[in-house]
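Number of protein chains: 2
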Amino acid sequence: MNKYWSPIVHELDPYVPGEQPQDQQYIKLNTNESPYPPSPAVSAALQAYDCDQLRRYPDPESARLVEALAAYHGLQPEQVFVGNGSDEVLAHAFQALLQKPAAILFPDISYSFYPVYCGLYRIDFETVPLDGEFRIEVDDYRPGNGGIVIPNPNAPTGIALPLSAIRRLLDNNPDSTVIIDEAYIDFGAESAARLIADYENLLVVQTFSKSRSLAGLRLGTAFGQAGLIEALQRVKNSFNSYPVDNLASACAIASIGDEDYFRECRQRVIASRERLAGALSALGFEVLPSSSNFLLASHRDRSAESLYLELRSRGILVRYFKKPRIDNWLRITVGSEPECDHLLKALAKILD
Amino acid sequence: MNKYWSPIVHELDPYVPGEQPQDQQYIKLNTNESPYPPSPAVSAALQAYDCDQLRRYPDPESARLVEALAAYHGLQPEQVFVGNGSDEVLAHAFQALLQKPAAILFPDISYSFYPVYCGLYRIDFETVPLDGEFRIEVDDYRPGNGGIVIPNPNAPTGIALPLSAIRRLLDNNPDSTVIIDEAYIDFGAESAARLIADYENLLVVQTFSKSRSLAGLRLGTAFGQAGLIEALQRVKNSFNSYPVDNLASACAIASIGDEDYFRECRQRVIASRERLAGALSALGFEVLPSSSNFLLASHRDRSAESLYLELRSRGILVRYFKKPRIDNWLRITVGSEPECDHLLKALAKILD
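Respectively, the protein sequence lines represent chains A and B.
Here my numbering is used: position 230 in the first sequence is 220, and no number is missing along the way.
Here my numbering is used: position 323 in the second sequence is 313, and no number is missing along the way.
To be clear, the hints were calculated from the coordinates, so they are not data collected in a lab.
Just so you know, not all the hints are guaranteed correct.
Said to hold, decoys possible - In the DSS-like style, the derived pairs of lysine-lysine whose C-alpha atoms are separated by at most 30 Å in a straight line are: (1) A:Lys313 x A:Lys339; (2) B:Lys335 x B:Lys312; (3) B:Lys339 x B:Lys313; (4) A:Lys90 x B:Lys(-7); (5) A:Lys335 x A:Lys312; (6) B:Lys90 x A:Lys90; (7) A:Lys(-7) x B:Lys90; (8) B:Lys90 x B:Lys313; (9) A:Lys335 x A:Lys313.
Predicted model, so just to flag it, every value in this text is computed and none were measured.
Based on the provided sequences and hints, a complete structural model is requested.
Here it is in structure tokens:
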């Protein structure tokens, strides 16, 4: 309690990100980072950057980056928004598009930042339960809501929806903004970006943090028809004129330009994921079918919390959520092959 | 109008930053950027940065940067907040500390982002007129307000308040959060950071954009007692866990470490400012006494708007605000000595 705080500050229940230890002693399989470095083109762009230009403010519109993204996704520049990580993009989207009289809807098991944004912007929400197999059933999202947020693939389950289901969701809810949060889209699901021409109420959010190995750069994007993007721009320009710094723009443009490397890393993660899923099953885990760069897994005999703590004591960080329905599951980021091997060996010992 | 927008989006009146042309054909004296490059230590830090680490999320607490700032300013780490530019820091401060039942107060001529934040967070405000010489009179800021925001030096006047006046303002308003926005503090005024131990209601906001030549990096800071900083942290952690990217942290730490270069650039700007002020006076301008890296100047015969347009047509950008009381003044950033000479020659021709 502090008398100088705005009343809302007392009510906030801030998001708690996965641990980010600043030493190198852990194998980090807890925050869904890529096990591979960013494209060599990123490093080259940074080496070539003229530091004198850091004295200049960025282009407030990030026009070059926006044009590169539009060309890459087959969109118009006015259909593209960029921000300081997809968390910032989502925050602006909640304020710009979901502050409505009716409650918004998102899954009961989902990205735990969504209810936090609702607290920050005083947005009412209702959660919609996943089915017994942790799947999103789009017909449960009924019209009359203030908006809908669906991660595809969902986190922390990793389960993806087909584009036909996203279409049905949009068709069922023509009066609601529908946000598809595609943080993990590149690991096996199909982006709804191709539906933008058909739906004026669709906003697709993506990030450079996972499949582009640039979590440390902070670059998030949103795609939608110009009307929705304008709402984001108006909020952004009432908050911070220049959210994307000069270095982030230069590095992101370089990353977009190296499609071969992007595809190669993505394929390696997918191959490692399938191998890891098989090995975890062999160790007695139930593993949900993932289209992302992580696995949600539950052991038939051992509690997730005890496994989390034992792995931690052996220098391996995975994510454990002490929350209803998933408190006996571990979310395990797909690491490099040696990291996965190390994890499997440690688990074999713990379970022995 | 768009039915998907949150109602507030229709009401927003976004901030309009100074032009940021992406080609090199203008002499830019319109956005108060430094005419000098950042410290060579920044370039060295960037060259030495291990790009592989960009795949990792930043430390959400930016602990190393916070510690460097605390040591530099003689504060404790829990008295320091960092964000993605001081615009973001100010936005969080408005939401965290100024969303109160009573109207907040700031000068009628001031940073034009303040009323924009009020629109974004539905904060009532009243402006307090500067006196006839464009000075802030702190006794005009009466208790019973919802908070006070004072830029020191003020922008776009450039006029500074002595620390004794800031103290009086704080003493007069013990129940209000008082934000001192010190974007331009390093060019001749005295920081209120040294008052933090004495006032639990004081928040000091600074930036790396001006005196550290790092506008393109986006790094802003706030200093205050731990209670106020905690409010900013709670809002930040409900908005974006990692606002400061890895490269910005590394470059900012390098900048803090090069005190000699910092002082040298600052002194060069101050010397150029005094020379430019004298030359403008000789050309028939009234020039306000500036403690910043810009001058507010009005010509006795020619309208500011016409001079702005004529300079623009000659490739020189200065800032013109079509606003009450200052619509016959130009805000001119202190450029390098050759840039100032170029400006003076152009003005001499225009006025001839």
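A quick look at each hint next to the structure:
no. : hint                : result
1   : A:Lys313 x A:Lys339 : holds (27 Å)
2   : B:Lys335 x B:Lys312 : holds (25 Å)
3   : B:Lys339 x B:Lys313 : holds (27 Å)
4   : A:Lys90 x B:Lys(-7) : holds (11 Å)
5   : A:Lys335 x A:Lys312 : holds (25 Å)
6   : B:Lys90 x A:Lys90   : holds (22 Å)
7   : A:Lys(-7) x B:Lys90 : holds (11 Å)
8   : B:Lys90 x B:Lys313  : holds (27 Å)
9   : A:Lys335 x A:Lys313 : holds (28 Å)
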